[in-house]
Structures are given as structure tokens and as C-alpha cells.
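A.B. asks: Chains as they are written, first to last, in my numbering: chain C, 1 to 436; chain G, 1 to 436; chain V, 1 to 436; chain W, 1 to 436.
Have a look at the derived ranges for each label pair, beta carbon to beta carbon:
no.	chain 1	residue 1	chain 2	residue 2	range
1	V	R252	G	E15	35 to 45 Å
2	V	A249	C	A276	22 to 32 Å
3	W	H220	C	R101	35 to 45 Å
4	G	Q114	C	G246	37 to 47 Å
5	V	Q154	G	A384	39 to 49 Å
Worth flagging that the hints you see were computed from the coordinates, not collected in a lab. Glycine included, each C-beta is placed from N, C-alpha and C at the ideal position.
So you can see what is in the structure, the chains are spelled out below.
Number of protein chains: 4
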Amino acid sequence: MMDGPETALWPAAHEDREAACARYRAVRGMTGEIAAPLSAEDQQIQSMPDVSPTKWHQAHVTWFFETFLLLPHLDGYAPFHPDFGYLFNSYYEGVGPRHARPARGLLSRPPLAQVFAYRAHVDDAMERLIRETATERWAALVPLFLLGLNHEQQHQELMLTDIKHVFSVNPQKPRYHEPSPAPQRNSEAPEIRWLGHAGGVVELGHDGRDFGFDNEFPRHRTWIEDFEIASRPVTNREFLDFIEDGGYASARHWLSDGWTTVRERGWQAPIYWRQADGAWLEFTLSGERSLDPAAPVCHLSFYEADAFARWAGARLPGEAEWEVAAREATPEENAANLLAAGHLHPVAATDAGADGPVQLLGDVWEWTQSSYGPYPGFRPAAGAVGEYNGKFMVNQVTLRGGSCATPPGHARVTYRNFFYPDQRWQFTGLRLARDA
Amino acid sequence: MMDGPETALWPAAHEDREAACARYRAVRGMTGEIAAPLSAEDQQIQSMPDVSPTKWHQAHVTWFFETFLLLPHLDGYAPFHPDFGYLFNSYYEGVGPRHARPARGLLSRPPLAQVFAYRAHVDDAMERLIRETATERWAALVPLFLLGLNHEQQHQELMLTDIKHVFSVNPQKPRYHEPSPAPQRNSEAPEIRWLGHAGGVVELGHDGRDFGFDNEFPRHRTWIEDFEIASRPVTNREFLDFIEDGGYASARHWLSDGWTTVRERGWQAPIYWRQADGAWLEFTLSGERSLDPAAPVCHLSFYEADAFARWAGARLPGEAEWEVAAREATPEENAANLLAAGHLHPVAATDAGADGPVQLLGDVWEWTQSSYGPYPGFRPAAGAVGEYNGKFMVNQVTLRGGSCATPPGHARVTYRNFFYPDQRWQFTGLRLARDA
Amino acid sequence: MMDGPETALWPAAHEDREAACARYRAVRGMTGEIAAPLSAEDQQIQSMPDVSPTKWHQAHVTWFFETFLLLPHLDGYAPFHPDFGYLFNSYYEGVGPRHARPARGLLSRPPLAQVFAYRAHVDDAMERLIRETATERWAALVPLFLLGLNHEQQHQELMLTDIKHVFSVNPQKPRYHEPSPAPQRNSEAPEIRWLGHAGGVVELGHDGRDFGFDNEFPRHRTWIEDFEIASRPVTNREFLDFIEDGGYASARHWLSDGWTTVRERGWQAPIYWRQADGAWLEFTLSGERSLDPAAPVCHLSFYEADAFARWAGARLPGEAEWEVAAREATPEENAANLLAAGHLHPVAATDAGADGPVQLLGDVWEWTQSSYGPYPGFRPAAGAVGEYNGKFMVNQVTLRGGSCATPPGHARVTYRNFFYPDQRWQFTGLRLARDA
Amino acid sequence: MMDGPETALWPAAHEDREAACARYRAVRGMTGEIAAPLSAEDQQIQSMPDVSPTKWHQAHVTWFFETFLLLPHLDGYAPFHPDFGYLFNSYYEGVGPRHARPARGLLSRPPLAQVFAYRAHVDDAMERLIRETATERWAALVPLFLLGLNHEQQHQELMLTDIKHVFSVNPQKPRYHEPSPAPQRNSEAPEIRWLGHAGGVVELGHDGRDFGFDNEFPRHRTWIEDFEIASRPVTNREFLDFIEDGGYASARHWLSDGWTTVRERGWQAPIYWRQADGAWLEFTLSGERSLDPAAPVCHLSFYEADAFARWAGARLPGEAEWEVAAREATPEENAANLLAAGHLHPVAATDAGADGPVQLLGDVWEWTQSSYGPYPGFRPAAGAVGEYNGKFMVNQVTLRGGSCATPPGHARVTYRNFFYPDQRWQFTGLRLARDA
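Chain C with its partners taken away, still in its complex shape (with noise of 0.2 Å):
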């Protein structure tokens, strides 16, 4: 269903403004083409917390750009609507006072119709600006113009997996789309392959070749031990194992904080996941389905992947061990079910004759045990931009990889996911790791 242009822009954008142009274009318009399928109605709801309402992502994506490029760098240019700068920021505490996040299903206005009116007013502006800013100037603002195309890309997989979590509370069940033409599935995964890496001092982080979000530097040294780390994620079929050997009734493989989050709240397998007349059925995108037992297991939180592991013999890569282990590995490898494939759910491996990992970028996020933290000599930027990954650098544990819900050129062995230990409404899952 959807595609694009997976080029690295960082050169591209400095010399080529019609390539920016174009650039800009694809991603807003692959906004667009997520909203689609969905009503006004849809696009307004908010089923918890974590979750936000299309219609406001579609309208805070926009306001990004507003607020960052256009008032401070386009002559002349009159926001939109007064009010949008407190409704569409979402937590910048520079930029002022906001919308409250638990609130924003309860916006009924301003219309949809009117949230396009807005996309259209910035996309213009921008398109002005892009090719209208002197050069210097331009040069100068390249690493937002870049920032506002990746931070709308993050918002396009918030997007699905929200409306997952919005669809999946309705009794109704509603598919948001119909599946793309079933990929040939293994009735069986492969194998895991424990594939050893020596340890010592090694580099991490990004090279700053092209874009990288700012947790992601400065590139550094670190050290770690000889691992070994799975060629694949786990699947389905093992974490039922895991669940059918008692996994969620006894708190010998957990956490204490994940223990304790299991019994509150009452879980008995991952979320979106149901048993009926003996069969286990799995909510996603395309409605309720048969669980495919070859496929990488996912909406995990944290705790689960780290019982698992632990009930596995193994444990959670550390962040390094995975980004060394990737970095090895083909592109060709890595990239199999990103958005652009059109699954939006993690399908099982292939690995026909692969020496390497798989399913390394896309499928599922992959929990690492490493908690979220800044890479020494991190820097956060100027400015209230700078509020936009260091002040979440507490309390939060570290994926890499993407997933089935990732942009096209979105993903890459540098990135830095991250979210709370107990949360499970993303396309997450695991990868074992073990000391060699």
C-alpha cells in the first residue's frame, strides 16, 4: 500500500530544494495516506492516555513545523489559528502552556476538515520557504527542516499502532484495513542460530553522516564481553510455551515491578491476544485473526520479554551487544517488513540460507536491557527543541530495530526507541542474547 523515497536526504537537502520539496511532499502525504481509511468520527478518539486521536497527531505534526520553521523563519508568515499553539503542542514546556495530554479525545473541534485546511495552509508556507530561504540561511535550517520530516515519520507509527488500540477497545472489532496478500508463511520458524561476537572496546552511536535523532549522539566508545545473540526474534509459538508452562501464574521468572504489574492488572498473555474454544486469537490491524505460530511475538511490554528471556535460559541483548550485532549484518537482512510491505504485523522469518541475523529492522521492536539514559557527552539542543528526547531520560528501557509500522528510511541500527517497562501497545517484542 505504501512507499516512498527511502534515500538518505541529509546531502541532498542542502543542494537540491525541489528534492526537499519532494521530500517534504512524500512524508505529508503518507500522513495522509494513513488517515484515510478513517472517518472523522475514528480520527477523534482517544482510548487511553497513551494514546492520541489521528486528528491530533495529523494537526501536532503540522504544528511542529509551525512552530519551528515557519514563525521564526518564514517572513511574514501569521499562524494558522491562535489557538492551535496551545491545542497541538504536546509537551513543550518552552514553547508555553498546552493541552492536556489525557484531553485530547475530547476535542471535537476544531473539525477535521478543518485540521486538512491547517495541513494544506503549513504545507504551503513550506513549500515557500523551502525554496524561497537564501542559501546560508537554508543550510541553517536543514537540521530541523529534517527533524520536523522524522518527527512526523515517529507520529506516522503512532498513528496505526493508536488505532489499533482505539479499534481494539471497540466490542465491534473494525479492521482498519484488509490485509495485503498473505505472505507465504512457515508453518515453522527457523531455528535459532546463536551468533557469537568478541567484545571489547567498541563505537557506538551515529556517525552523523546523515539524519540522527539527537539521543543518538555523540558517537563513543564503550566496552562489552564476548554474547551471542539469536538470529531471529522470538515467535509466538515459544512464548506460548512460556505461557503454558505457568509463565504468568508464578513470580519466579519476573521482576519484582513486573510481578507486581501482572497481578494488578490482571495479565494472562500479551494484550490484543484471546483464547476461544481452545484456540488463541490475536487482534490486529486486519480484525481478529488465528495466531500464526511462526511469526515474532509482539505487543510485549518489557517485563514480559524479560521473564520470557529469563524462563528462556537467556537474556535481553544489552543496547551495544544489538547495535554491534546489527551493524554487521546486510541491509537485505535487516529490511524485510518495515511499513512500505503493507503487513502491518510481524510475519514469520524466512532465513533461507542466511549465516546472519533477520528481522533485525522491522517486524517487531526489540526490548533491550538497557535502560534509557544519555550517551556520554549528549547535548541536548538550543532551544525548545532540545526538550525533544533528553528530558525522557529516566524510567525508560531502550528497543531497537523497528517495525512492521516503521516509515520507509525510518529505520536504522542507531536507533533509539524507548518507552516504559509496562507498556504494550507498540509492536514490541524480543530477541534473546546470552554471555558467550
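Following the hints, put chains G, V and W in place on chain C, whose structure we already have.
C.D. replies: Okay, now just chains G, V and W, sitting in the frame of chain C:
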């Protein structure tokens, strides 16, 4: 804006099927008229658990006719949709399980268009039922038919109070309607006249000559002492005096549970009031306006009404006192400002030359000091419809009189409304009483 | 175990100062007797916000005498400790700020020994006040003096119900006392006899010839219909029938708020009941014992009492009905099992040859269907003591009759006890009534 | 006030049974010494879920010896009481179910006297175990024996921080002890000196030559960059500058979760601080005193420590940085103010002529920027004792260095303490670091 037949239907419904159809269409049409200014997005919002979305109201009242009239009594009637019994049952345990009340706002599906189709489908079937049912059977159905109409009228008022709350939490403060031509306002309300009544054994409750809800029956005797009741409700100006005298700042006049509520929720004025630059503003269905000092004070909880009455050296009337006082007043004095007047807000009394009380029916529901309970000899109806009123007879307080949002033909002196003592999103005010 | 003068004090208190002293010492001594089996540690515990520690009770009742009698009326009296006014004020806003109720259990200081010293200090001063106040001034103080004594008696019952709860949450299930010689139990309770009463205008409330709380006044007229009332309270055996018939498993017989409570708190039986190996056990002040089927059922919330009555095809009596029925019964029939009997638990009725009702006073407080409100013409006393009862007149339900923990001389047919409808740690049961 | 052997026991415990006995008695005696000023009532209180009653602490540490040493290893040992395994197990799922943590304060029984008897009973048995176990078997038990001693020492510190909280919520603000002779205070703290360290591969963790907790192992390599660390902790004066600069009034310097916490709990200063008549007071174990501007700031959450560091243009040290800096300092510089000093409160640094850092061990635990996690290669012990530290390795932050309440012999440079980032009832402060 709104208009409709106000004559009693009890006899006509039995004999004149065309009149029954006309009444059905009028009531159903009023629902559509109330919803007309609202977009599908507006009709989706549930701003707090007490509030239901407009779309849900429209479907629920339809479900009521389908469940209690069509399914058992129209031969061959098939439900419009198999899920709607689950989605649009409000609280009837006897009918089966239902969608959780606080999650009504999460249902983007069925879309509003499908709810319209549901309404049309049920309307067609209802017209058939009304026209084609054999005489004797129809006579037996008339009470349920009238209950369905009155039930829908109750929800018409709720649609207005609920959308008012929905819009109130939107920072853009949308307007539901343009105010009707401003009534000629008095800058001051007329002085309160204290109207005396002799006590003794009195009869209370509905006489059965027209439709009444189960909780208005049976008509029965009770005893009251001599008392006096105020000629008009308390005004905004009077309530401001209470505020300015520190009414919300000290426990002195409050019931203990009321004072706890004041502190926990930080109440400093009625809901929808706001002070800006020294002046008081009030959010209305026509947007935010300056407070009219002469209009009845509105959107008070029982706690606030009770505290005001104590501060004023008076008390709230008992249910029996209110009913005795109201039935001696002439209808013209009573029904100036109901829904049909089109103000959708209380307006100042005129009181020109009146001897009796004014504004008894309309403007604001008036809190009594009576806990909501069963009349002696009360019997709920058989079947699930017996849950209509009886199971709520604890923890709530009775209100009398109707409001500026009460539909035509729906207000009467025996009508018993009831809410929890901390609720204040309805059009609720008070009238003072005192011992003779 | 416990004993004390039970004669009315109203006239004697004015004329005979020695009798007043003796009464004061008797009531105060009873408090000490109730606390005697408890260690300083036991007296420290607050097992839920509704419960107060025994130590706090002992200090608070003393504070009452100090605050309302000694400080204003004993010349030269100095407060025992400057902090105690803050620590031991319960809810009198007019007296000043106070320690938060749910934090009463956090006060290890003052130690119990200091509370004993406080009691002795106040007792000395009270004896001086009683003996030395001039005649006229004393006459004016007698109502407050009697209020202090009756206030302390109310806390005596609370000390017992509170320590029962405290011990119930201790896995060791401590015993407060050894059971007194078991009364000869009937294996079955006598059949219920339905006692008929004619309706009409009746007088209700206290006649003022002896002490009464403000909420028992004024004596006033009301109207009741013909009714019948059961000769004895509902028994454990009868309540077990309700449970075994699925009483807690379906919404059918419950008020809506009651059913919500049942589900949210997981109620499946009265508090303190536990099923083990098929038999029902009950926690009592003598530890855990097997349930006596013939004894009155106890520790019910209003919701449970009401649901049982509906299940039984009856209803709860109104306050007026209960009072009319009770005042026609002879005192001997009424007061078999109060605190002085030493059981501290309801016991089976004997009913030998009785014509009238039994167990009206004592055994269990009986829920009525009457919301707790002011009698017509009710006026709270002037000053902070006016907060005694009046400010609680919303959201609670009236109970009548006294319990096995009610002190001697403290039960009477006009007495109005009140609790929230979900509370069940008091000795609360029910007696059925029905329309004639 | 307190004193005790501080020499390492690792070798002696194996060979010299008398030394082992002496050590056991010394540690156990210290617990009694800490509890001595407290009444049975004081020892009963649980002022919040994080706090345990002193009585519970005394029983729990005893249960640890009984459960992990006596029951499995002393032939014929019978448990002191069958209920105590349930009552005094803290969190060991592998041992069985246990009393709910927030309900520890509800146990008036067993009385303190019985806990004393429990302690004596276990002490007798432990002395037998130490003296009579065969050599080889004893050698295998020594690690558990040492764990039991160190475990009790951890609870000694908690007893002090917990009773401080208990007394702090009492309006009478009791004193736990009389302050020891005031140390000669500097009116100003010495200037911070920035001590530079070269980065590279460093070794971290316990070398195994003495006792260490499992979380200090294994010793392993890691990489750090060049850094500088402050010579002393941040003082009250410096923290006041942060407050006076609006530190608590704006989101600017806070992590997002920290700022949410500040607003939700209304934080405006460290816990135990209070401003009265313009001066700052601080609640201490000697009661409320004026704030000493030169003393280390104390009772900060991680959020507050982190915000202060950002405000100061610095950051918190990483665990590895702290350990590297600390092990180069001389012991004398490090351990001025531990429990044995008797202050039970941080005191101002003297810094006379020092080159290195001061106050590294003692005064206040120092928040690092490191999330608490397993060292590479970490393996929890077999059996229930493996739950000691490992299952808490998520959501918490590491602290280093020990405090004024850390028992003698219990502080070392490899020690890893950990708390949730919002907790602040421990003696917690900070030391600044920055990139070189």
C-alpha cells in the same frame, strides 16, 4: 426554535392511532432537531463518565423502542444489528450485559450515519406497530409506548446538558446555538415574596389520569407542617452575595460531605462560572457570556444549594411542600422557560402582578431536601423495565420543576427528578423555604 | 463483665451533685473497663479510615469534656496540653483545625500513659465543676454534661467495633475477651410472627423527659400506612439461604449502587464470614467461631440488608414504623442483649410465649429504609456543639435499636443511629417489614 | 552513641568461631541499641507504605537468620512460632506467601515483648550453630552468615530513616535522640574543587576479598571518558540558591517525570524542610532545627538531585566515575560521618588541607546518573536468597557512598544502594560531576 404538541396523550394514544403516530414522530423529530447543529465528531465525545455522547443517546432511545416494543410485540421484527443490544443498553441488567458506561465515547463505530439508519429502521417498524396492532393488544402496549416517548424526552434534556459539558471542556468554547432574541431582562429580580401554606395531611403523587413515571406512584397521603416558600428561585446576584461573604471559604454552612467535596475539588463557584478582570462570566450553550444577576442561579450541586439556603437563614423545601405549593399555582405562571422557549438558559423572572409563585416549571430544576426514595406502596413494573427508576432509590436527592432544557409536555408538578448531591452539570438551582 | 447505673439522670443531675458525680465516674469507668484488655500497642492501631485507635477514643472523649465544659465553664482551668486540642478534636470545624482522621493511627505520641494522665486530670476538674458550680449555672450546664456522657457511651461502642476490625485484619486473629458462659442456644430461631399496626397520623421523636440527642427532636407528627413488622431480626440461617440462592451472584435484588459495591469489593458474604471446608466461620470478639444459624445476622451493609429484604419478598421498615412498633413493646422484651450482657455478639432469640416483637433493643442495629435527615423543625444547638449530628444529614441511612455493644442506659426507642449504606463494620442487621 | 568492630570478617568468620560469635552479637546488639529509645507504641507505626515499623524490622532480620540458616542447617531447630514465617517474610516469593507490606503497621500482635523473645530464641540457636557446626559445613555457611549480618545492618539504617519519617508526621515532632555535641561547624562550606580523572577501560565492582552483596559482582571492565568530580557534596546553601532561583517553579531543569512529580505532590523544597518567618527549618532525628547552610543537602529525590545538577551546569556522576574517584581517596577522608559518629545527620565538611574528595562515605548517599541494573555476568544466588537484589533491577537509580545512618563496617566504595527516583525519605544528596 422548537415546538411540539403538548396535549396529554393518554386517552388519544388508545383510540387515535394517527395521533399516536404523530406524537411518536414529533418526539423523535425533536431528538433530531436537538442533534442537528452537531457534527459527527461533536456527537462522539464523552467528556466525563456522567456524560454520554449525542450519538449514543440517539441510538439508546431507539434501542429502547426496539427492545421493549418491537422485539416482543411486532411479529417478525428482526433486530437492526446483532451488536446494538450490547452497545446501546444503558443499565438494564435484566436485558443482558452491556458496554461499560465510561467507554461510550470510545465507539467511533457504528458511525453516526449507521445510527441514523437505525433510527429510520425502528421508526418504520414503530409506525407499523402503532398502526397494525390489534386493539386490545395495543391498549396493553400503550403504557410502554408512552414510556418510550417520555424516556426519549428525558434524553433530549440530557443531550443538551451533556453537549454543554462537552463544549465546556474545549478551550475553544464552541457555541451550540445562537441565542434566541434576548428576553427583555430585568436588571433586578423582583423581591422574594414568602407564600404561606397550611400543613396537615396532604395527598402527594400522580393521579393516573395522564402519563407518569413509576416513581410518581402511588398517590398517597403524607403529613406536612405549616411552611412558607419563596415566590421565585434564588438569583445569580444572591448567590454572588454568598460567594462574596466567603461562602466557599469556610465550613460553616456546609454539610460535612459537602465541605469535603468543596475542598477536594477546589470549588469556588458554580460550574461554568469564571472570573475575569473582576467580572463574572458564565459558559452557556451560546458560549461564554457575562453573568445575568437577575437570572436564576444554575448548575449548583445539592451541597451548594443546601449551603446557600443555610447561609440565607432558610432551608430547601421538602418534596411534599414543593408539590403542594406548585399545584396551587396556575399553569401560566409555571411554564415560561422550557425547551420550547429556545433560550436554553434560565432567564430573569418578570413577576408582573403575580400573586403566586413563578418559574416553578422551567428555568432550573429545584433541589429539595428530600432524599430520593420509594413512595409508600411503590411497586416497580414487571420485567427489565422495572429497573427504570426503582433501583436508583438510594444516595440521590429529589429535584422538582423542570428546566430551560425540558421538552414540551414533559414537565408536571408531580415529576420527580433525582441526582447525586455532588452533581452539577444539569440545569439545577434552588428555591428557598422556611418553617411557618 | 460490665455493669452500671441505668436510671435516667435528667432530673437527678440537676439536683443531686453526688449522683451526677457517680454517673460521671461510672461512664468514665466503663471506658477504662473496655480498654483494659488491650495493650498500648493494640490501642495504637487504625486498620482503616473509619476506625479510630482505642487510645485516640480515650483521649477524644476526654477532650470533649475539656473543650465544651471545663475550658468555658471552670474558672481557672488550664488545658492539660496545648497540642491536645489539635490532636483530639474529631470534626468540630467551629473549634479549629485538627489532625487528619485517617492519620490517627500514626500518633505513637502522646503515649497511652499520657492519655491516662489526661483522663485523670480532666476527671479531677470535672468533679470540681460538678460539685462547685453555682446552682443556676450548673442547671444550664446539665445538657452539655449529659451530652458528654452520652458522647462517651457512643465511643464505647465504637471502641468495641473498631478493635474488632483491628483484630480481624491481623492474621493471628487475636481474641479481645473470653466468651461469657454461652447462653442456652436454640438450634433454630422461632418462626417469624408478622405483627400488624394500623396507620394514620403518629407522633415521632423524643418527648424531652430524659436525655436525647438533638437529632431525636423535635417530637412531631407524621403519617404512616398500615404495615406489618417481623417479630424478630433476620437470622444467619436465613441469610445463608439468600447466599445459597445466588444472592451475591446476580444484580436482581440489589439497588444499583449496591450492586456496583458488591462487584467492586468482591463481596460474597457479610464481613467477618469465611467458609472453610464447607462450614461457615465468623470472626467475633472471642476469635473465630462457627456461625450460629439461629443468631441474628450481623455486620451487613444497608445494601445487603435491602437486597435480602427484596429477595425475601419484604422490605425494610421506615423509621416511623420501627418507632411505632418498638414503643408498644415492653422493655423486658427489648433489652436482652446489650453491652452489659457481656456477650459482645448477637445471640439467638428465645421468644418463649411472647406476643410482641423481641430483640428490638440490643443484639444488632437494624437498618431502616429511611435516609438520615432532619426532623421537621430540627434546630442544631448553638456553637460548635451544633455540629454534633446535623451536618451529617445526607448520604446516610438510619438504624434503630442498639446492639450487643451498646452501653447500659444508652438504648431507647427514639434513638437514631446512622451510617453510610456501604459500611458494615458495626453490629448491623435487619428486621423485615411489609405493607399490610 | 554507637560503636562496633569494623574489621573485615571474611577470613575470621571461617577460622575463629569466637570472633564470629562476637561479630554476631555486636551487630545484633546494635539493632537493640537503635531501638532502645523507642516505646512499643513508637515501634508500631507505619507512616507510609515505604516505611516499616521498628518492631517489624526487629522481627524480620531475625526471621532472615531463622529461615536461611537455622531451619535448613541447625539440626532439630524448631521455628519459634508457626505464624512468623508469614508475618515477617519481606518479599521472598520462593519462601512462600507473606503479610502485605502496607499492612505491617496493623500488627499490634505479636507484641514487642514477644519479638524480643523471638530475638533471644534465635540468638541462642545462632550461637549454637556458629559454635557447633562442623568445619566444612560451617565454611559453606559463612557467606549466608555474613549476608545475614549485612542484611541486619541495612535494616539498622532503615530503622533510623523510617522512625524519622514516623516522627515527622506527628504534629508533636518528637525527638529520637539528643544531638551529640555539635561538631564545630563551618559557617561556610569549603569551595568545591574539581578533581580530574582520566578515562579509559576501568575495572569496577567488588574484588571478593571481603563480604560484598551479589549486586557488586562480578568485577568487570567498563569504559569511561575523562571527567571531573566535585570535592564535596552539594550544600544546603547551594540548594537554597536553586530554590530561590525558582528551581521548583519552572519545568526548565527537570526531567519530564520529575516535573510531573513536582506538580502532583506540590514539592517546593526537600522533604522535612519548612519555612517559618522567613527562616528555613529542617526536621531531624533531634527535632526541628534551623538549616545549617554549610551541611550537605539531604533527603532529595533523584529528580531533585538531577534538576539541581542541570541548573548548576553540571551533571550527576555515573556509577563507574564515582567508584573510580572514590577508590583513589584515602579512607580517612571518606568515613567521617557514619552512624558511629552519633550525629545521625549530615554535618559540614572541614576539608582542612585535603587534596582529594571528602565525605565520599558517610553524610549522604549520593545519587548517580546510573540506572540500577545487573553488572555484565551477574548471577543471582541459587534459592530464595537469590531474590535479594536481582529482582529489583529496573526502574531504580543507583546511589553510592553511605550516610550518617550507615552502620560501622557497612560502607565501601563498591557498595550499590538503589531507590526509585521519586523517593526521598533516605539520607540522600548529591555530588556534582562534569565532562572533562
